[in-house]
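*Asks:* Modelling step: build the complete structure from the supplied sequences, incorporating the hints.
Chain by chain, the residues:
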Amino acid sequence: MRLQFILSEIGLGLRRNLSMTISVILVTFVSLTFVGAAALLQQQISQMKDDWYGKVEVSVFLCPRGSELPTCAAGEATAEQIDAVQAELDSPELEPYIQTVYFESKDEAFASFQEKLSDQPWAKAVTADDMNSSYRVKLADPEKYQVVADVLAGRPGVEEVLDQRRIFDSLFLVLNRATLLSVGLATVMLLAAVLLITTTIRLSALSRRRETGIMRLVGASNLFIQLPFMLEGAIAATIGAGLAVGGLWLGVRYLVTDWLGSSVTFVDYIDTSNVWTIAPILVAVAIVLAAISSVVTLSRYTKV
Amino acid sequence: MIRFENVTKVYARGARPALDQVSLEIERGEFVFLVGTSGSGKSTFLHLVMREERPTAGKVFVAGRDLSLLSTWKVPHLRRQIGAVFQDFRLLPNKTVFENVAFALQVIGKPRHHIMTTVPDVLEMVGLAGMEKRRPHELSGGEQQRVAIARAFVNRPSILLADEPTGNLDPTTSLGIMRLLDRINRTGTTVVMATHDDEIVDQMRKRVIELSTGEMVRDQSRGVYGSGR
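Sequence order for the protein chains is G and F. According to UniProt numbering, the first sequence is numbered sequentially starting from 1. According to UniProt numbering, the second sequence is numbered sequentially starting from 1.
Mixed in with the good hints, there may be bad ones.
[Said to hold, decoys possible] Partial pick of chain F residues on the chain G-facing surface, computed with a CB cut under 7 Å:
(1) LEU67
(2) LEU69
(3) PRO76
(4) ARG79
(5) ARG80
(6) ALA84
(7) ALA104
(8) GLN106
(9) GLY109
[Claimed, not checked] Some chain F residues close to chain G (C-beta under 8 Å, calculated; not the full set):
(10) LEU70
(11) SER71
(12) TRP73
(13) ARG90
(14) PHE103
(15) VAL107
(16) ILE108
[Stated by the list, open to error] Derived Cβ-Cβ restraints for the label pairs, each shown as a range:
(17) G:ASP50 - F:GLY109: 51 to 59 Å
(18) G:VAL288 - F:GLU132: 40 to 48 Å
(19) G:GLY246 - F:MET116: 27 to 35 Å
(20) F:GLY109 - G:VAL267: 42 to 50 Å
(21) F:ASP66 - G:GLY184: 49 to 57 Å
(22) F:LYS95 - G:TRP249: 20 to 28 Å
(23) F:VAL224 - G:LEU203: 44 to 52 Å
Hints are computed from structural coordinates only; laboratory data are not their basis. Just so you know, even glycine gets a beta-carbon here, dropped at the ideal spot from N, CA and C.
*Replies:* This is the structure we're talking about:
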C-alpha cells in the first residue's frame, strides 16, 4: 500500500509539472554530458600517455658536419666524443634509468629518412652526411627524462638531447584545456540544474499544499510527506543522467570509434566501454544534485 | 485528556497575548464547546493541542503527554490520535469521497485491506453510504462536512477537534452535523468544538468554555452560549 501510494503520488507530481520535469531532465542531461566529456577526455589523455610514453625514446643527437648550433662549434662529433657519450650511458650513474640504448649511425638515419620522405622533391638534395648520428635511449621510467638530459646535454659532440614526449606536450595541452573548458561549462550547468530542481520541487510542493496540509493534519510522517518530492527530483535527474550516458555512448561510438578511428589511425582511442565506467559516476552526481536540492527546499516548504 | 497549565501564547513580540494564563482540564469522553468572539483565542487553543504552535509559557498535556517534551519526529504520532474538522472542510477536490477518507489512512501507512473495510464503515456511520464515488463538488456543504468528519474519525482518534464545523452551513444542516458529533462523542471520543453558533450551544447543553481576548472567562458544565443573554 505504502509503496504503491508513494509511486502514484510521484507519477501524479511528475505529470502535473510536466514542463518543469522535462526542463530538469534536459538541464541535467546537458550538464552531465559535459561532466562525462571531461572525464572521457582525461581517460583518453591517460590512455594515450600509457600507449605513447611506452614507445618514445630520448634521442641524443650527435653533432653533424656543418652544424650551426653553438654546442657543435668544434665540428662533427669525433669517435672519442661518441665513445665518451657511450661510456656515460653505461655509467652506474645513468644505468639504472635506462632500459635500452641503440646507436643510429648516419647511414641508418639516412635510410630511414629516405624510406619515409623520399617522395618529397627536396629530399633528393639530402645526403647521408647531412644526417645526425644519434643514441636512441629508451628509459625505464619515461618521467625521468631530466636526469639523462642533465648529464648529456652540453657535452662535447652532443648537439641536442630531445625527449620525444615533448612532441605530445602541445597535444596534451590542448586536450587538458578542453577538459578545463568542459569542467567549467559543466559547473555552470550543474548550478543551473540545482536551481532548476529546487524550483521544480518548490512548485510541486506548492501545487500540492492542500494534500501535504492534510497529510500533516492526519499525522503522516515527515519522510512520508517529503519522499515523493525527493524522488520526483531524483527520478528526473536520473533520467537526465541516463540521457547523458546515452549521448556520450553515441558520441564515442560514432564520432570517436567510427570517424576519428578511421581517419586518424595512429591514436589508441577510448571506446564505449569507457562510457560504461563513468556511467555510475554520472548517475551518482545526478542523485546527489537532486538530494541536495530536495533537502534545501523541503526543509522550508513542508515543515511539520 | 487535554490539560493546559498557565498557558500563554504570544505570536509577535510585544503584541497582546492570543492566550493569557489559561489553565483548564478536559476529561476523556467529554464534549466541550469553546466559545468567544473572533480573536478570542479559540483557534490558538486548538493549534496548541495539535502542536501546530508551541506555547510561549506554560504546559500543554495531550493524552497524558507533555507536548513541550515531545520531539518533532513524534508529532505525527500525536496527530494520529487527534481528528480535526474545519469550517472550510479541506477536502481534496480531485479525489472521490472514498479516496478522501482513505487518504488519511494511506498516508499513515495503513494496509490496503484495513482501508477497504474501515472506510465503508465510517462512511456509513456519517450517513454517506452509497456516495463513495462522488466528488466533493457534487456534494452539498453538509455532505462535504460529513466527509471531513469521516476522514477525521476514520483512524478512531481519542480526540476530535472541530473548528467552527457549522460555520458554513444552514441551521438544519448544522443540526445534523451536531448529531453526528454527538454520536462520535458517545463512542468515547473527546470532542472539542470551537463555535460562534449560539443556537447549537444552547440546544446541546454541554460544557462551555468561554474565551475573551485570550483569557478564560467562563467554564460552565451544561452551559449556554452567552452568559449575559
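*Asks:* Each of the hints needs a verdict: does it hold here or not?
*Replies:* Hint by hint, here is what the structure shows:
At its closest, the beta carbon of F:LEU67 sits 13 Å from a beta carbon of chain G; the interface hint therefore is violated under the 7 Å criterion. For F:LEU69, the suggested interface contact is broken, since its CB lies about 16 Å from the closest CB of chain G, more than 7 Å. This hint holds: F:PRO76 has a C-beta 4 Å from the nearest C-beta of chain G, less than the 7 Å allowed. This hint holds: F:ARG79 has a C-beta 3 Å from the nearest C-beta of chain G, less than the 7 Å allowed.
Interface hint at F:ARG80: satisfied, since its Cβ lies 4 Å from the closest Cβ of chain G, which is below the 7 Å cut-off. This hint holds: F:ALA84 has a C-beta 6 Å from the nearest C-beta of chain G, less than the 7 Å allowed. Against a cut-off of 7 Å between C-beta atoms, the interface hint on F:ALA104 holds, since the closest Cβ of chain G lies about 4 Å away. Against a cut-off of 7 Å between C-beta atoms, the interface hint on F:GLN106 holds, since the closest Cβ of chain G lies about 5 Å away.
Using the Cβ-Cβ criterion of 7 Å, the hint placing F:GLY109 at the interface with chain G is satisfied: the shortest such distance is roughly 5 Å. Below 8 Å, beta-carbon pairs count as interface contacts, and F:LEU70 has none with chain G, the closest being about 11 Å; its hint is therefore violated. With 8 Å as the threshold, the beta carbon of F:SER71 stays out of range of chain G, its nearest partner Cβ sitting at about 11 Å, so the hint is violated. Restraint check, F:TRP73 versus chain G: the minimum CB separation of about 7 Å is within 8 Å; hint holds.
Below 8 Å, beta-carbon pairs count as interface contacts, and F:ARG90 has one with chain G at about 6 Å; its hint therefore holds. Because the smallest distance between the Cβ of F:PHE103 and any Cβ of chain G comes to about 7 Å, under 8 Å, the interface hint for this residue holds. Contact between F:VAL107 and chain G, as hinted, is supported at the beta carbon level, the nearest pair being about 4 Å apart and thus within 8 Å. Hint status for F:ILE108: holds, given a least beta-carbon distance of 6 Å to chain G, under 8 Å.
A C-beta distance of roughly 55 Å is found between G:ASP50 and F:GLY109, which places it inside the suggested range of 51 to 59 Å. Taking 40 to 48 Å as the suggested C-beta distance range, the pair G:VAL288 and F:GLU132 conforms, at roughly 44 Å. The given range of 27 to 35 Å is broken by G:GLY246 and F:MET116, whose C-beta atoms sit roughly 43 Å from each other. Taking the beta carbon of each, F:GLY109 and G:VAL267 are about 58 Å apart, not inside 42 to 50 Å as hinted.
Restraint check, F:ASP66 to G:GLY184: a C-beta distance of roughly 56 Å satisfies the suggested window 49 to 57 Å. Taking 20 to 28 Å as the suggested C-beta distance range, the pair F:LYS95 and G:TRP249 does not conform, at roughly 43 Å. For F:VAL224 and G:LEU203, the Cβ-Cβ distance of about 50 Å falls inside the hinted range of 44 to 52 Å, so the restraint holds.
Of the numbered hints listed earlier, those contradicted by the structure are 1, 2, 10, 11, 19, 20 and 22.
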